[in-house]
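Sequence order for the protein chains is A and B. Residue 5 is where the first sequence starts when you use my numbering, and the numbers rise one by one after that. Residue 3 is where the second sequence starts when you use my numbering, and the numbers rise one by one after that.
Worth double-checking, as some hints may not be accurate.
[To be verified] Pairs of lysine-lysine residues, derived as DSS-like cross-links and limited to a Cα-Cα distance of at most 27 Å, are as follows:
| id | chain 1 | residue 1 | chain 2 | residue 2 |
| --- | --- | --- | --- | --- |
| 1 | A | Lys83 | B | Lys78 |
| 2 | A | Lys274 | A | Lys143 |
| 3 | B | Lys78 | A | Lys437 |
[What the hints assert, rightly or not] Covered stretches of chain A, as calculated for chain B (at least 3 residues, CB under 8 Å):
| id | segment |
| --- | --- |
| 4 | 332-339 |
| 5 | 345-351 |
[As the list claims (entries may be wrong)] Reference listing, derived: stretches of chain A covered by chain B, where coverage requires no fewer than 3 residues with Cβ under 8 Å from a Cβ of chain B:
| id | segment |
| --- | --- |
| 6 | 306-319 |
| 7 | 396-403 |
The hints are simulated quantities; they were obtained by calculation from the structure and are not laboratory data. Positions of the beta carbon are idealized from the N, C-alpha and C atoms, including for glycine.
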Amino acid sequence: MRLRPTCNKTTLMEHIVIIGNGISGITAARHIRKLSNKKITVISAESEYFFSRTALMYVYMGHMTFEHTQPYENWFWKKNNINLIKAFVKAVDTKTKTLHFSNKAQLNYDKLIIASGSKPNKFGWPGQDLKGVQGLYSKQDLENLEVYAPNNKVCKRAVIVGGGLIGIELAEMLNSRNIPVTFIVRESSFWNNVLPENDSQLITKHIKSHHIDLRLSSNLEEIISDNNGRVQSVIIKETGEEIPCDFVGLTAGVSPSIDFLKPSNIKTNKGVLVNRFLETNISNVYAIGDCAELLEPLENRRSIEAVWYTGRMMGEVIAQTICGKRNAYDPGPWFNSAKFFDIEYQTYGWVNAKKNKPEHEYQFHWSHHDNTKWVTIAYNLHTNTFLGINTFGIRMRHETFNNWLIEKRDIAFVINHLHEANFDPEFFATYHKEIQKAFHNQFQSQI
Amino acid sequence: MNQKPQHTMSIVNPNTVNLSLKQKLGLCVGVVGLFILILAGCNASFPNKTLFLILSLVLITVGSMIFSNAYLKTSKGIKNDGIWFKSLTSRGTLAWLTGILITTFYIVLYFFPEYLGLGTNGNSNSGLIAFFDPLSKLLNGNPASQWFVYGTLYTLVILIFGYKFILKYRHNRYQQLRTISVMFFQLGFAFLIPEFMSRLNASPNYNLPYYDLKSMWPLNYYLFDSWSINGLLSSGNLGLAMLIFGILSIFIISPILTYKYGKRWYCSWVCGCGGLAETAGDPFRHLSSKKLSAWKIERWLIHTVLVFSVIMTIAVIYSYLMKDPDTYWLSKNAFLLGTAILLTIVFTIVMLFKRHEIGKDASYGAIGYFVIITSLITLYVSGASDHIFLIKSSTLRAAYGFYIGSIFSGVIGTGFYPIFGNRVWCRFGCPMAAILGFQQRLFSKFRITTNGGQCISCGNCSTYCEMGIDVRAYAQKGENIVRSSCVGCGICSAVCPRGVLKLENDSMHGRINSNDILLGNNMDLIDLLNNQQNND
Chain A
5 MRLRPTCNKT
15 TLMEHIVIIG
25 NGISGITAAR
35 HIRKLSNKKI
45 TVISAESEYF
55 FSRTALMYVY
65 MGHMTFEHTQ
75 PYENWFWKKN
85 NINLIKAFVK
95 AVDTKTKTLH
105 FSNKAQLNYD
115 KLIIASGSKP
125 NKFGWPGQDL
135 KGVQGLYSKQ
145 DLENLEVYAP
155 NNKVCKRAVI
165 VGGGLIGIEL
175 AEMLNSRNIP
185 VTFIVRESSF
195 WNNVLPENDS
205 QLITKHIKSH
215 HIDLRLSSNL
225 EEIISDNNGR
235 VQSVIIKETG
245 EEIPCDFVGL
255 TAGVSPSIDF
265 LKPSNIKTNK
275 GVLVNRFLET
285 NISNVYAIGD
295 CAELLEPLEN
305 RRSIEAVWYT
315 GRMMGEVIAQ
325 TICGKRNAYD
335 PGPWFNSAKF
345 FDIEYQTYGW
355 VNAKKNKPEH
365 EYQFHWSHHD
375 NTKWVTIAYN
385 LHTNTFLGIN
395 TFGIRMRHET
405 FNNWLIEKRD
415 IAFVINHLHE
425 ANFDPEFFAT
435 YHKEIQKAFH
445 NQFQSQI
Chain B
3 MNQKPQHTMS
13 IVNPNTVNLS
23 LKQKLGLCVG
33 VVGLFILILA
43 GCNASFPNKT
53 LFLILSLVLI
63 TVGSMIFSNA
73 YLKTSKGIKN
83 DGIWFKSLTS
93 RGTLAWLTGI
103 LITTFYIVLY
113 FFPEYLGLGT
123 NGNSNSGLIA
133 FFDPLSKLLN
143 GNPASQWFVY
153 GTLYTLVILI
163 FGYKFILKYR
173 HNRYQQLRTI
183 SVMFFQLGFA
193 FLIPEFMSRL
203 NASPNYNLPY
213 YDLKSMWPLN
223 YYLFDSWSIN
233 GLLSSGNLGL
243 AMLIFGILSI
253 FIISPILTYK
263 YGKRWYCSWV
273 CGCGGLAETA
283 GDPFRHLSSK
293 KLSAWKIERW
303 LIHTVLVFSV
313 IMTIAVIYSY
323 LMKDPDTYWL
333 SKNAFLLGTA
343 ILLTIVFTIV
353 MLFKRHEIGK
363 DASYGAIGYF
373 VIITSLITLY
383 VSGASDHIFL
393 IKSSTLRAAY
403 GFYIGSIFSG
413 VIGTGFYPIF
423 GNRVWCRFGC
433 PMAAILGFQQ
443 RLFSKFRITT
453 NGGQCISCGN
463 CSTYCEMGID
473 VRAYAQKGEN
483 IVRSSCVGCG
493 ICSAVCPRGV
503 LKLENDSMHG
513 RINSNDILLG
523 NNMDLIDLLN
533 NQQNND
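Kindly generate the complete structure, drawing on both the sequences and the hints.
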């Protein structure tokens, strides 16, 4: 790889400062280093070294140690001349290009990349700041979890509020230590604000099969304290039921963690406002990842996407811009993945939930009789164009679907070539024939 | 960071999930079986040895099976909860105790078999070895030796833990099939067939050596020893066929299979060492070091062992070709010349076609090649002596057998499972793995494919790689994993929560790829950078 011509001598020692050492900030740092000799400093108040946030659950479950969540050995940063600072940025002065730390120290930058990530949402519930009430986002959250829910003697029951991906991960974590879990979910079926009804109902079944006390169509009214300021119970709004518990997990989504920017000149809304080039209103200040809010969102997409992959992609793009090759953030077809207990989920393109589903979107659903494998494929009813797939318990190839989406293949092609997209390990049973059969049966019956 | 508040050095883990009643029952049954073995080791005189031997082995097997059946009560899926909290699997007290126990067992087995009751100077066996006499007589017609006892227990362990492994991974057909395969090859090829074959050795002229057909040179480093060669040559067509099969295995069969499927066809589907590592060693797979420094040590060590084993074998063959030139059709100089030509061909092909792929490693390969060629020349020049670098070939052979064959592969390789992980020998020492790995890296269709941009860098793959490969380092770059050490166990793919990894055999073209920007991002940008890369 030779890609260094863009940085000439005058910009050689330009100081790039990145706030946040998550996937976005670190990807930006790594790519800038690949492309240039610029001085790079990464600041984090959370951890000394980059770790994979998505892997915190496996530390609690005993699959890995915290060290395993760090993708690079500690010597990597020095070797690649990336300075790491563990400090909390209190304020940003864009006029003097200075960062002010909570320990009174200061740091000057030439270009600033804000990648400060998210914080768990709290919606003003009474008792939301009690001891034993927390989200699951940061390393500190994991440490607190070990204090308030280390086992089922200290924590006889845990309550999780909010049925998203972090909520279900937290349920799996607590379950692994045999802590009984009550899972309070606003929706009438798990995650049906994102998943189509069939998908959502099968996941709901799977959650229940793991002995999670799932409370659908329920909201949190209040968290009640004991005499020592620790959580004692929660009250459900709809029924008024009081559930005694020793831990409450707040997992009703995340929002940008940008309080430290409020007094600055950098324009913010929910997140740091950026254009498609990830530039803020202040020149030489950029924002990427969870904390960035796109002024003009991409087609079909939200202005803030707190997803691992988008954070990484923004980091890849901003590095090009910083190193002289100004590039817009313009990702390819949407994709994502998750795991619901034992069921892996991947999605490519768009398969909309009921509430967002446009009139032209038709969804074909197939499920295996054991209810651990199923797919939902969306296509345009008028043009037959393939729109997207949700696949559960069957691994699919990103590259294949990426191509099919770009090439705007029609549904018949996708169904007939499904085996090409299979990414399950060797010797696994395949289901493409069954899926094809089901599709053709349904299709004929429609005609 | 101290995340494990409850992890004391205490043997009793406060966090352990209580055993079910069934598991306790299984434990009881198994321990009774084990206790009978211990009693036998202490020379207890059983009224009916055969009955008690059967009883003991059956109880151990049934007990462990009942214990393992606990997996059936859980849902299908990855079962790694609490692995780093358990003393046995996180280098706690239990791990050290187990390690020391296995290590001492190996030391006694290799160097003091009389403690196990091996009858010396024509005396009959006693103790544990005598306890196995009935089984040995049934299978091969002779009293047991320490190797028979070891072989029986080794096979039993692979079968028992293989059963457990199959239940643990019962959602994964790849894992199940390859485990059934290692269980089959251990029971049939490594245990039963050689025992039956030794029954053929009725006449003094017919002297088949113990020969595990699937164990290839140089893992089977004694294949070309004179006693082995003479034994095979003295045993009619069968012996000759076996010798030819042995030579074909390493020079023809193995290269073809490795080309098609990678070294996994051997290391995690057939091999006995691999079989033990994958079954009994499975609870320790996450203990292998993933540091870059460990990888450096690995590459030096394993290739040094390979060069050592090649030189040792050449010297051994040369010495008997020299001593009895009339016995063999092959002359010593023809042998030296043939070996030199073969090595030169391999070396030239690699340097001509694969130089750009191995980069810096080319010079290390060259060092190995020249060391071996120099040793060939030394032998040739010294003419009537079998000294190589002033060391006698028999000394070389003895040193190899002691340090590599016994200490490295047995005492350290297996004894240290609970400390360094289950593939220490395979990763750092096995010369067979070095040869297969060399081919896997350069001439094979096998690779682990990563799934576009789906990696979340969680690190499960790297953690559970028994060979210490930092799988994540490749996956998060969307790069295929083509590593000589990969034994293709498929666990990285199994533990991945996002469906990112897949073991595949596909065309050689584009097998080694690297992307600057991952799939999923701006297509123009990806194209732009990839084109730049290709033009470089």
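(message) I'd like to know which numbered hints this structure contradicts. Please list them from smallest to largest.
(response) 1
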